[in-house]
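K.L.:
Work the whole structure out from these sequences, hints included.
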Amino acid sequence: MSAADIVGSLALERRMGRGWAIAFAVAVALTVLLGVGIIVLLDRGVGIWGIDVPVAWAFAIADYVWWIAMGMAGTFISAALYLTRQGWRTALNRYAEAMTVFAVSVSGLFPILHLGRPWFFYWLAPYPNRMALWPQWRSSLLWDFFAISAYLLVSILYFYLGLLPDLAALRDRATTRGTQLFYGLLALGWRAEARQWDRFQTLSAMLAGLAVPLVFSVHSMVALDFSEGLLPGWHSTIFPPFFVAGALFSGFAMALVLAIALRSYFGLGSVITGRHLDNLAKVLLATGLFVAYSYVCEVFFAFYSSDQHEIRLTLNRFQGSYAWTYWVTAFCNVGSIQLLWFPRMRANVVVLLTVSILVVFGMWMERFMLIVTSLYRDFLPSSWGMFYPTRWDFVFLFGSIGLFFALFLLFLRYLPMVSMFELRKSSHSEHRRP
Amino acid sequence: MTRIYGYMAQFDRPESLLQAARALRNLGYTRLEAHTPYPVEGLAEVLGIPPSRIPRVMFAGGLLAALGTLAIQYYSAVFNYPINVGGRPDASWPAFIPAALEMALLGASLCGVVAMLRGSGLPRLHHPVFDIEGFDRATRDAHFLVVLSDDPRCDEDSIVTELRALNPLRVGRVPA
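Top to bottom, those sequences are chains A and G.
For the first sequence, this note's numbering assigns the number 1 to the initial residue and increments by one for each residue that follows.
For the second sequence, this note's numbering assigns the number 1 to the initial residue and increments by one for each residue that follows.
Hint data in this document are derived by calculation from the structure and do not stem from the laboratory.
Some hints here could point you the wrong way.
[What the hints assert, rightly or not] Over 12 Å on every C-beta distance to chain A, these chain G residues come out as not near it, computed from the model:
id, residue
1, L110
2, G121
3, D151
4, D155
5, S158
6, V160
7, R164
[To be verified] Partial selection, computed: residues in chain G whose CB lies under 8 Å from chain A:
id, residue
8, I4
9, T30
10, E33
11, P37
12, P123
13, V129
Ideal placement from N, C-alpha and C gives every residue a C-beta, glycine not left out.
P.N.:
This is the structure we're talking about:
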């Protein structure tokens, strides 16, 4: 059986094994917890979280930025490697795109739930209404709404387009009426015509070309949510590029975690090879160095600005009440990745997994640190205050992780986790070589 | 007599299919269609498929979405509901760019997908080629070349012999 047939069988026969079942049960339990959290939130308001004045943003915004950042890498991996004609993309693009779609969907929940009256979130959209009101076009929160909506829709389109030929392949291999109908309807009648392939390839290239600037713009908008504020530590032009680097960094870390998990659990060592892990680790190191550079720049510009509030904030991050978050961030995001300079470390799956999990965790800590340290020491000492998370803060954090994995595990069960037609194409061109 | 959609020949390798398509084009056939498990380099040129208009449609869609978003912002901020924020101009063009940019990318992508589906005749629930025996392997390892019956060069008596001469795995009629 060819690699593509093995991937196809995994989607059709759905023998996922006990590990999948246990993971899915845990993920669904956490999702239910998130559901309970949302109901309580709608009933009692955002006061169930630990947020208060002055720290009015905390876990929910950190979760939001964390998730949308992980949603950046999937499309970027797929599109940038497509445009640069990297053959090794084949093994990674499908699950990375799925990761994007689910991470962005999960992230979109947080700003809406944080609104206070989430049921009015559609007021962000410009539509004719009897209040004769318009959204505030000059606000970065509105730009963010447009950016996330556009990004979510484009990533779904991009993911679905790439799936079309594979859905047709599953339709053709399906043996029961139910699966034939399911995949047949999703495949839209794809018949692998030369004309269809031609249009498919044109559109794939065009969407890839649009997706790369889209990724950069979307995460820049997320950063502008902070830059447009006047708080020390936020009001900085470095934020958009700094956030994009952080997004790719955490996204590549998540992609690496998932690659290692898929590879060992489904025995896909021949598809996701050591070379893929090595390449991902190198990109992780490179994006991590961008992030490290941004950390250094932040400190430099704080002192260079001669602004006493900026300087005070920077010193406070080093040694204030939340100094531990700064040093944990520095250890995870700058320290741990230095191991990846060594080829032997990049070949060691345990090291790779540990470093990537540290990075995923470190990037959450970074967002928490950036948000809370800027807020808890206001310009006026009389309004200083600490942030203490409540149990609901943790319910939403872990619940969102559960929701993401529940969606991802369903994807593994029902859709081919690696692009089958591209596997066939690359295995054909390999055989042709002398 | 049943109406015929076309005549098909099945090949095991994309190279043989490409060669056969070239041979048929040289014989003067113009209405050819091919079905392959993955895109075959150069096949679209051999079959004479015109270049896609998708890029132009996407450009138009993106431009329209961008201008539309700018227009709605200008109308609402300048005419319908002007708000004076610290004396800043009502038409805050730099602040109008982000939403317009995102909508341009979204508009281009949506138009591209619609253009792609229209250009490739999708969605479609049924098609005559699905009746070809073993067509389910076209998404796996079979390569089909179909001469459409409305080809002016297509002659029912000679086409089968001409297809056989290309050394296919098998040849058959495809009822409409």
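K.L.:
Please go over all the hints and tell whether each is borne out by the structure.
P.N.:
For each hint, the structure was consulted:
1. L110: Label violated. Min Cβ-Cβ 7 Å, cutoff 12 Å.
2. G121: violated (8 Å)
3. D151: holds (15 Å)
4. D155: Fine: 23 Å to the nearest Cβ keeps G/D155 off the interface.
5. S158: holds (24 Å)
6. V160: holds (22 Å)
7. R164: Non-interface label on G/R164 holds, nearest chain A Cβ at 22 Å vs cutoff 12 Å.
8. I4: At 18 Å from the nearest chain A Cβ, G/I4 fails the 8 Å test, so the hint is violated.
9. T30: Violated, about 14 Å.
10. E33: G/E33 check passes; min Cβ-Cβ to chain A is 6 Å, inside 8 Å.
11. P37: With a closest approach of 5 Å, the G/P37 hint holds.
12. P123: G/P123 check passes; min Cβ-Cβ to chain A is 4 Å, inside 8 Å.
13. V129: holds (6 Å)
Checked against the numbered hints above, the structure breaks hints 1, 2, 8, 9 and satisfies the rest.
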